[in-house]
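These protein sequence lines are chains P and U, in that order. Numbering-wise, my numbering comes out as the position in the first sequence, counting from 1, plus 1016. Numbering-wise, my numbering comes out as the position in the second sequence, counting from 1, plus 1016.
Hints in this document: simulated from the structure, not taken from any laboratory. Ideal placement from N, C-alpha and C gives every residue a C-beta, glycine not left out. Hints may be right or wrong, so weigh each one.
Partial pick of chain P residues on the chain U-facing surface, computed with a CB cut under 8 Å [stated by the list, open to error]:
hint, residue
1, C1065
2, A1142
3, S1145
4, S1147
Spelled out, the chains give:
There are 2 protein chains.
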Amino acid sequence: MSVSRPVVHPLEAPPPPPDGAAVAPPHRVRMKDVQGMPGTSGGLVLRVCQLILSAVSLSVMASTSDFPSVTAFRYLVAAVSLQSFWSLTLAVVDVYALLVGRSLRSPRVASLFTIGDGITSTLTFAAASASAGITVFIVNDLDRCDVNHCGRFTSATFMAFMCWFAVSPSFLLNFWSLASR
Amino acid sequence: MSVSRPVVHPLEAPPPPPDGAAVAPPHRVRMKDVQGMPGTSGGLVLRVCQLILSAVSLSVMASTSDFPSVTAFRYLVAAVSLQSFWSLTLAVVDVYALLVGRSLRSPRVASLFTIGDGITSTLTFAAASASAGITVFIVNDLDRCDVNHCGRFTSATFMAFMCWFAVSPSFLLNFWSLASR
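In isolation and in its complexed conformation, chain P is listed as follows:
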């Protein structure tokens, strides 16, 4: 909690942000508090969504017996494992920040989270795209669903794409907050 209370100053009124806090922060490097950023409940919801989706994708893909025969499917398992680990870590950090009431909006923390989100989301998206390429190849081009687990391959790929859709807001919000400080 800041000791110096924000003083109402009509001359310094900046243009109000579209969403989130309308009150100007009292500190120079304090960033705007947007739902979805680390340390907010929206951010925690995003992390939990990422964790569930990547865990489902991982377990569905790992439950097929023949996924190690295709490189792209092995890569998908590795990528969503990393994504699960990263999202779980950040979810724990978010829960800690929410319980203690501590702010996670320092530029150093934001840049660390931005880099981590950028790397994991890129890996997850690449793995999902590669698996989608193989799945569409098996289903449409080869038409060999009789000997392959097409349903599970499709489900795991879809879940990985959904997971990427859940990681992207975290990355973009972190990057935005890093740029607009």
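Starting from the known structure of chain P, arrange chain U on it as the hints suggest.
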């Protein structure tokens, strides 16, 4: 004595700025001028790199006779075609802005370019990943390079990834300039 003599008025005719917009007039929504952003020579270099890489990827993949038999390769051709078109358009805009000395740093233009870069780079990256999945599947898992153009598939995929690496700075710089205005 002629009354209608043209009067020399030094204040009303400022010489055009020599390179780009080095003498930016003080304006409230003026953004910082970073090399790589639209309207700068660095941005033009990025656009030309994107155009060359996507055009090479397109022509290498289209030169194989059997690319239409795989969905991921057809998708790669479509994605790098769109990327070439987008990069060519933006390169022309950059050349115009550099020649005329016009600034492209309005928030509306930046958001338009950010959205376009985001869409095309995502499509290019997804196509490159899907093609990489199929290429690795053919080369490593099936080991059927005797009947496939493995070299050309690999080259086209590699060029598409390089193209994505050239698009990403444009997207990130545009997004950054949009956030930090």
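Hint check results:
1. C1065: violated, 20 Å
2. A1142: Check passed: Cβ of A1142/P comes within 4 Å of chain U, closer than 8 Å.
3. S1145: Interface hint status for S1145/P: holds (3 Å vs cutoff 8 Å).
4. S1147: holds, 7 Å
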